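Just need the whole structure built from these sequences, with the hints factored in.
So the chains spell out like this:
4 protein chains.
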Amino acid sequence: MAPRIGLFGFGKAGRAVATILLNSKETRLEWVVRRSHRMEHRSVPEYLGIDSDEPGTIISVEAEEYRQLFQRRPVDIVVDFSSEEGLGEYLPMVREGGIPVVSAISHYSAEAIGQLVDLSRSVPLLWSPNITLGVNFLLRASRILRKIAPWADVEVVEEHFREKREVSGTAKRLAEAVDYPVEQIKSIRAGGIIGKHEVLFGFPFQTVRLIHESISREAFGNGALFAVKHLLGKPAGLYSMEDLLEPWFATSESVG
Amino acid sequence: MAPRIGLFGFGKAGRAVATILLNSKETRLEWVVRRSHRMEHRSVPEYLGIDSDEPGTIISVEAEEYRQLFQRRPVDIVVDFSSEEGLGEYLPMVREGGIPVVSAISHYSAEAIGQLVDLSRSVPLLWSPNITLGVNFLLRASRILRKIAPWADVEVVEEHFREKREVSGTAKRLAEAVDYPVEQIKSIRAGGIIGKHEVLFGFPFQTVRLIHESISREAFGNGALFAVKHLLGKPAGLYSMEDLLEPWFATSESVG
Amino acid sequence: MAPRIGLFGFGKAGRAVATILLNSKETRLEWVVRRSHRMEHRSVPEYLGIDSDEPGTIISVEAEEYRQLFQRRPVDIVVDFSSEEGLGEYLPMVREGGIPVVSAISHYSAEAIGQLVDLSRSVPLLWSPNITLGVNFLLRASRILRKIAPWADVEVVEEHFREKREVSGTAKRLAEAVDYPVEQIKSIRAGGIIGKHEVLFGFPFQTVRLIHESISREAFGNGALFAVKHLLGKPAGLYSMEDLLEPWFATSESVG
Amino acid sequence: MAPRIGLFGFGKAGRAVATILLNSKETRLEWVVRRSHRMEHRSVPEYLGIDSDEPGTIISVEAEEYRQLFQRRPVDIVVDFSSEEGLGEYLPMVREGGIPVVSAISHYSAEAIGQLVDLSRSVPLLWSPNITLGVNFLLRASRILRKIAPWADVEVVEEHFREKREVSGTAKRLAEAVDYPVEQIKSIRAGGIIGKHEVLFGFPFQTVRLIHESISREAFGNGALFAVKHLLGKPAGLYSMEDLLEPWFATSESVG
Chain A
3 MAPRIGLFGF
13 GKAGRAVATI
23 LLNSKETRLE
33 WVVRRSHRME
43 HRSVPEYLGI
53 DSDEPGTIIS
63 VEAEEYRQLF
73 QRRPVDIVVD
83 FSSEEGLGEY
93 LPMVREGGIP
103 VVSAISHYSA
113 EAIGQLVDLS
123 RSVPLLWSPN
133 ITLGVNFLLR
143 ASRILRKIAP
153 WADVEVVEEH
163 FREKREVSGT
173 AKRLAEAVDY
183 PVEQIKSIRA
193 GGIIGKHEVL
203 FGFPFQTVRL
213 IHESISREAF
223 GNGALFAVKH
233 LLGKPAGLYS
243 MEDLLEPWFA
253 TSESVG
Chain V
3 MAPRIGLFGF
13 GKAGRAVATI
23 LLNSKETRLE
33 WVVRRSHRME
43 HRSVPEYLGI
53 DSDEPGTIIS
63 VEAEEYRQLF
73 QRRPVDIVVD
83 FSSEEGLGEY
93 LPMVREGGIP
103 VVSAISHYSA
113 EAIGQLVDLS
123 RSVPLLWSPN
133 ITLGVNFLLR
143 ASRILRKIAP
153 WADVEVVEEH
163 FREKREVSGT
173 AKRLAEAVDY
183 PVEQIKSIRA
193 GGIIGKHEVL
203 FGFPFQTVRL
213 IHESISREAF
223 GNGALFAVKH
233 LLGKPAGLYS
243 MEDLLEPWFA
253 TSESVG
Chain R
3 MAPRIGLFGF
13 GKAGRAVATI
23 LLNSKETRLE
33 WVVRRSHRME
43 HRSVPEYLGI
53 DSDEPGTIIS
63 VEAEEYRQLF
73 QRRPVDIVVD
83 FSSEEGLGEY
93 LPMVREGGIP
103 VVSAISHYSA
113 EAIGQLVDLS
123 RSVPLLWSPN
133 ITLGVNFLLR
143 ASRILRKIAP
153 WADVEVVEEH
163 FREKREVSGT
173 AKRLAEAVDY
183 PVEQIKSIRA
193 GGIIGKHEVL
203 FGFPFQTVRL
213 IHESISREAF
223 GNGALFAVKH
233 LLGKPAGLYS
243 MEDLLEPWFA
253 TSESVG
Chain W
3 MAPRIGLFGF
13 GKAGRAVATI
23 LLNSKETRLE
33 WVVRRSHRME
43 HRSVPEYLGI
53 DSDEPGTIIS
63 VEAEEYRQLF
73 QRRPVDIVVD
83 FSSEEGLGEY
93 LPMVREGGIP
103 VVSAISHYSA
113 EAIGQLVDLS
123 RSVPLLWSPN
133 ITLGVNFLLR
143 ASRILRKIAP
153 WADVEVVEEH
163 FREKREVSGT
173 AKRLAEAVDY
183 PVEQIKSIRA
193 GGIIGKHEVL
203 FGFPFQTVRL
213 IHESISREAF
223 GNGALFAVKH
233 LLGKPAGLYS
243 MEDLLEPWFA
253 TSESVG
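Residue numbers (the working numbering), protein chains in the order written: chain A, 3 to 258; chain V, 3 to 258; chain R, 3 to 258; chain W, 3 to 258.
Worth flagging that the hints you see were computed from the coordinates, not collected in a lab.
It should be emphasised that the depicted structure is a prediction, and the values quoted were computed from it without experimental measurement.
Check the hints yourself; a few may be wrong.
As the list makes no split between identical chains, a pair holds if one copy fits it or if it spans any two.
Below 30 Å or equal to it, Euclidean Cα-Cα: the simulated DSBU-like pairs (lysine-lysine) are [said to hold, decoys possible]:
#1 LYS198 / LYS14
#2 LYS14 / LYS149
#3 LYS236 / LYS174
#4 LYS27 / LYS149
#5 LYS166 / LYS198
#6 LYS14 / LYS231
#7 LYS174 / LYS14
#8 LYS166 / LYS27
#9 LYS188 / LYS198
#10 LYS166 / LYS14
#11 LYS149 / LYS174
#12 LYS236 / LYS149
#13 LYS188 / LYS14
#14 LYS27 / LYS174
Right, dumping it as structure tokens:
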């Protein structure tokens with residue numbers, strides 16, 4: 003039977019994830035927790051206009067009622083696209099139930115990170131601030147080429163919309179993966195560019211460019227689905243998206 | 003001690019390879035066999051203006067004298083950038099001596115391929131028509147992403163100089179690696195473009211592009227050096243460049 | 003005083019245009035005609051959450067009431083992002099009032115095109131199926147480079163989302179501008195790519211690429227604003243976006 | 003009759019220029035002045051292996067003999083790919099003969115620039131440190147788009163081989179053309195990249211990229227041929243390549 007998913011968060015990213023999950027036959031979206039009370043008890047398939055017989059009930063519960071939710075509508079995995087506070091709400095239930103967790107929250111406080119690490123002793127827990135397949139593939143492939151050719155020159159370039167002031171977090175992770183000084187990242191800011199990242203390897207007579215382009219900020223759906231499928235069945239521990247991708251790199255045979 | 007190399011071929015590619023080998027402290031270029039009798043017994047470092055104390059003697063021998071050459075000036079590995087006929091000249095000596103061979107010859111006759119396969123039972127033998135690190139990295143990385151995301155769309159695009167009529171062989175290999183119909187490869191022909199290959203993966207909200215650009219047709223040096231280092235010590239067998247790259251993909255640790 | 007604009011159409015494109023117009027101090031959005039009766043008489047600034055004191059009243063009128071609208075709330079120019087039928091609704095009023103028209107409708111019937119041509123004898127009328135500045139700049143710049151270097155090789159490449167079956171109309175116009183056979187356009191289809199067009203010029207030792215990337219299908223706002231500003235004051239006639247861009251190409255001085 | 007050309011300089015760039023000139027039926031390469039006495043009086047077609055009946059005699063003269071050369075083998079235009087000192091050698095003869103000059107010398111001393119300006123009162127004189135069609139087209143097209151859309155964001159990015167320490171001179175000129183601070187140019191240095199320049203225009207919902215890629219450092223031939231053809235017949239004055247390109251931008255009709 004398809005694993006039952008409980009989703010926290012129903013903002014832009016949450017909706018994109020719900021869309022992909024509902025369109026996939028490999029999972030069953032059991033419910034979605036959102037903060038606002040609007041649309042309470044409606045169903046996500048109906049709201050998003052997707053033809054699906056998965057329940058996807060929209061739930062707006064207070065903290066004290068989460069325990070009830072997990073009892074009445076049990077799930078096999080929790081996917082969290084809400085906010086830092088989400089963790090505290092479901093932590094006791096997933097620990098007790100041994101329920102795996104996929105968290106795509108960008109920033110956790112030091113305290114919350116402590117809780118995550120602690121929780122990962124009891125359940126398989128994936129935390130990835132950028133849960134897209136593309137970026138995580140780029141991270142791993144770049145790391146590999148860096149090791150194959152440590153003498154090649156490398157540059158990291160990122161492009162974003164004009165208002166984005168700081169260097170992109172993804173670019174920083176790419177830079178770290180290839181031992182490139184974060185302060186040398188070339189940041190291009192122009193117009194409404196959603197996001198482009200390039201790791202360039204310069205050889206004497208050839209160049210390799212690994213490029214990731216974001217089309218919309220909703221690129222998380224397929225990554226979340228991938229994480230759900232491959233985290234289930236893993237032993238307890240703290241995982242990154244790169245960890246889940248590792249088997250595909252390790253062999254030329256299909257792991258799928 | 004640095005492994006001693008015997009190089010066959012001193013055309014454009016052969017010279018580029020000799021340059022990289024002489025600049026590397028990890029190998030010792032013992033001699034170079036060329037067809038023409040010009041510059042007989044001069045040294046390659048002197049000819050190319052490279053400051054090196056490796057001998058790199060230029061040798062122009064007739065077929066019958068090759069046996070003498072291998073006896074008087076023994077080498078630990080043979081690198082072949084000559085032509086299809088080269089194989090026949092050194093085959094008996096490398097088989098008897100158990101000397102590994104790196105061959106970058108583009109096309110072998112069916113008969114010669116039979117000899118290669120036969121030889122590979124006695125010595126480690128790498129044959130790669132495109133021995134660049136970049137293209138072989140692209141091949142393997144593309145193959146992996148295809149398996150991670152078989153539902154993603156893929157396109158293969160190549161650009162070359164106007165006179166190149168046929169679809170590039172490298173593009174065909176890339177297409178095969180990602181199960182893309184060779185006849186759908188997009189071939190762009192314009193001006194003097196040396197060579198550009200792109201494998202594009204299209205996701206619903208993101209795009210990944212793996213791009214290789216050739217700067218000159220002499221991109222083989224570093225690839226040959228890599229092949230030499232990593233073929234030495236391998237058991238007898240027929241290897242591709244991708245095979246040699248595999249350990250780097252299999253682990254996130256340095257294999258060095 | 004800023005010219006008063008009457009906008010027909012309030013779909014995705016219409017809203018993007020309204021946003022740019024409201025954020026510009028160079029125009030005054032007087033009203034917007036939409037088909038649906040929802041939000042009748044609300045204001046666009048309020049609806050879109052834009053801080054502006056321009057009226058931008060949302061109007062849902064039946065055909066017979068358009069005459070009243072033009073009388074009570076006169077405008078200096080009409081911008082049409084509605085549909086083919088829009089033309090018939092306002093045609094008598096703009097002809098009588100000598101009011102310039104900017105139409106961004108993709109396809110008109112042969113009959114409607116006849117009406118357009120006829121109307122253009124009375125008023126300045128711009129019709130552009132792709133009213134973006136970027137694409138029209140590319141068109142003109144490509145045409146020029148083609149004439150400067152007719153012996154250079156040229157290729158036209160376009161990328162779009164997988165579901166787009168036919169060759170893009172913009173690519174066809176680019177191809178015509180550089181005398182490139184439409185049937186040789188390289189069409190790449192992958193994932194969710196919004197739209198990318200490239201005109202590549204290949205010289206023996208250099209390459210020039212003119213590239214346009216669409217970020218969202220709402221790129222029409224700045225183009226429409228540009229068209230409004232530069233169509234006002236022109237003599238009656240049928241104009242293209244390229245026509246309006248011509249003065250900037252003709253001189254190195256600012257025309258603005 | 004095809005205009006007769008006297009070429010100064012027979013280094014890499016000079017040879018590339020001679021090749022293009024000899025392959026063109028629109029000009030006649032009369033002679034080439036080189037510093038070295040090697041190959042004196044041989045012909046360039048023979049030396050470069052080009053099938054041409056143009057003389058292209060290789061001349062190695064001392065300064066005092068230049069007067070004789072211009073008398074015995076008169077030319078209609080001088081093309082200078084030699085070095086700063088070249089100017090002094092032919093200056094008296096071109097002034098007296100009213101012979102147009104195309105100079106592609108990168109750097110002149112202040113004194114030499116004074117001489118150039120003075121000479122340009124007597125003859126049409128084109129001076130362009132980067133005489134390629136591609137770069138000069140990019141300069142002018144960028145300048146125009148900047149004026150069409152002064153509110154668009156702009157970025158200038160250049161890529162070169164690792165050893166190139168300073169920001170590229172071409173990138174600086176592009177930056178000046180679009181009012182972009184030279185110190186914000188993004189300079190990428192990796193491997194053996196010959197040279198890539200990009201002017202990126204960022205709009206809210208679209209991006210325009212004007213890209214020039216150098217394939218080899220010999221891209222000057224077609225630019226020089228273009229300069230020769232279009233400088234002949236011009237009144238005395240100091241011209242840039244952009245000046246010669248202007249007529250193509252000014253009209254949509256062919257000027258050629």
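*Earlier hints that do not hold, by number*: Hint 14 is the one this structure does not satisfy, whereas the remaining hints hold.
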